[in-house]
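K.L.:
The whole structure should be built from the sequences, with the hints applied where relevant.
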Amino acid sequence: MLVYLKILILLWLINFAPPLAAYFFEDKGNLPVDRGKAWLDGEPLLGSHKTFRGLGAGLVFGLFFGYALGLTPWTGGICALLSMLGDLCSSFVKRRLKIPSGNDRPGLDQGVEGFLPLVYLRYHLGLPWVDLVLMLVVFSGVAYVGSRMYKAFLQSATSRYADYPRPLNPRVLTKELASCHLQSRFWRSCIHFEDAIYYHLIIQTVFKTLGLYNRGKANALCFERNDMEIQLDHLPAPFDEFRILFMSDLHLDGLPGLSERLVSLLPKIKVDLCLLGGDYRMATHGSYRDSLTRLEMVMAAIRSRHGICAVLGNHDCIEMTDALMGMGVQVLVNDALCIKKQGEYLWIAGADDPHYYKCHNIDQTFEAVPRGDCTIFLAHSPELYREVCSRADLYLAGHTHGGQIRIPPLGPVFTHCKAPRRVCSGRWLEESMQGYTSNGVGVSGVPVRFNCPGEIVVLTLRCPPQTRETGKPGTNQRQTDARPPQTHADQGHKMP
33 MLVYLKILIL LWLINFAPPL AAYFFEDKGN LPVDRGKAWL DGEPLLGSHK TFRGLGAGLV
93 FGLFFGYALG LTPWTGGICA LLSMLGDLCS SFVKRRLKIP SGNDRPGLDQ GVEGFLPLVY
153 LRYHLGLPWV DLVLMLVVFS GVAYVGSRMY KAFLQSATSR YADYPRPLNP RVLTKELASC
213 HLQSRFWRSC IHFEDAIYYH LIIQTVFKTL GLYNRGKANA LCFERNDMEI QLDHLPAPFD
273 EFRILFMSDL HLDGLPGLSE RLVSLLPKIK VDLCLLGGDY RMATHGSYRD SLTRLEMVMA
333 AIRSRHGICA VLGNHDCIEM TDALMGMGVQ VLVNDALCIK KQGEYLWIAG ADDPHYYKCH
393 NIDQTFEAVP RGDCTIFLAH SPELYREVCS RADLYLAGHT HGGQIRIPPL GPVFTHCKAP
453 RRVCSGRWLE ESMQGYTSNG VGVSGVPVRF NCPGEIVVLT LRCPPQTRET GKPGTNQRQT
513 DARPPQTHAD QGHKMP
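Numbers 33 to 528, taken from the working numbering, label the letters of the sequence shown in order.
The hints are simulated quantities; they were obtained by calculation from the structure and are not laboratory data.
A hint or two may mislead.
Claimed, not checked - Straight-line C-alpha distance at most 27 Å; calculated DSS-like pairs for lysine-lysine:
id, residue 1, residue 2
1, Lys-450, Lys-60
2, Lys-130, Lys-183
3, Lys-300, Lys-249
4, Lys-207, Lys-390
5, Lys-183, Lys-60
6, Lys-183, Lys-38
7, Lys-302, Lys-373
8, Lys-390, Lys-60
9, Lys-69, Lys-130
10, Lys-207, Lys-450
11, Lys-60, Lys-207
12, Lys-450, Lys-390
13, Lys-372, Lys-300
14, Lys-183, Lys-207
15, Lys-302, Lys-372
16, Lys-373, Lys-300
17, Lys-183, Lys-390
Claimed, not checked - Distance ranges between label pairs, derived from CB positions:
id, residue 1, residue 2, range
18, Val-445, Tyr-99, 42 to 50 Å
19, Gly-139, Phe-96, 22 to 30 Å
20, Ser-422, Gln-263, 16 to 24 Å
21, Leu-72, Ser-319, 51 to 59 Å
22, Phe-96, His-156, 13 to 21 Å
23, Glu-292, Arg-454, 33 to 41 Å
24, Leu-297, Leu-244, 22 to 30 Å
Idealized CB from N, CA, C, for every residue including glycine.
P.N.:
Right, dumping it as structure tokens:
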């Protein structure tokens, strides 16, 4: 009985290897076995789902788990080759029957994939035919159910969110499930155990032991207003002295009193546009209802002539988009909008989270933006600074909190960002593109700040002196394309 269980486990693991490889490697090594060629009937020979990467993953799993299960690596490797051969044969037959690639057919898929290695094992291990048939039935049934569950998981996003704006791949959906859809506190704690151990057990205990915790919380509430002028070489003259309120990393449900302080201060700040850099809730998992309730209060306090634009951060869920739009916020998920003023344009291009979900798409974000137009790029973190330096005039980001805890003269203890420290706080320059990374308004992890106050940023955009005198922007090194048709965003998003 034990050897039968080992055989079934081996075959299931081999069967699971190709989709697992697709999860980790996505498009890397995704070369179709049939090289895109068609058969005599004009249909694909095998289909795009059958890749050399999948074959390699199946073989590696067979060799490794054949040894790990005590069946020898050669036995596992031969089973993998025969299983992959059966999979290719079933794909060939399905293409002849005009069944689209990726569509399951019970029995035809798993049956052939399990039959060939089981026949080999029947002679290699001397298994009775009756046992072989029973194992084939068990293997096929479990493999089919697993395949259906896997595809249901991939397709679940379309039922959760209309016009789903993110890639429908298992990597993204797994992260969304863990961060946004697990209701059980126990399972959330198991999956996000590092938060509980690192932040709440270790770091918080250290600050409380040193008697610094309450002081750090008080520091976190003392965010600053940071006013600055930024000269953009390609800014049209009508946008000279255009004022932007930029806030990132609000984490409104993480610090009592933060929302109330913002609500009292924001009505005094009159701007032309408000930009939000993501991370509206404190935790990276669990409910986001409280943060949205607080966010609605804060949004109502903003005085912005052209409204509010926002991107999502690594703490945010894609389902929050509807709620944000209901507050009058224009959410940019790899999209852009332009503001029109006296016949000139200023573009705001916003990318999806590039840090955790990694759903940013630069080409899609800039698809509607004419080369040569003045563009502000908005993303949650500064990690895309190299990719967009030739496309944007100004990059606004957050995520790092400036480190949140700084030790002079060493600087931030951590930035939690895969980018050089020079772009992780304050102003910076990458080629001709200027950048600003905000220290954020709120806090995450442990609700304390030391030597790194939070901030709300008020930017005043300025044209070069020549543009102010002549009304014409400076020479642009970027090639100018034809302007696309006017969109709904050309007049700007108006606040109620």
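K.L.:
Quick check: which numbered hints come out false for this structure?
P.N.:
Per hint list: zero violations.
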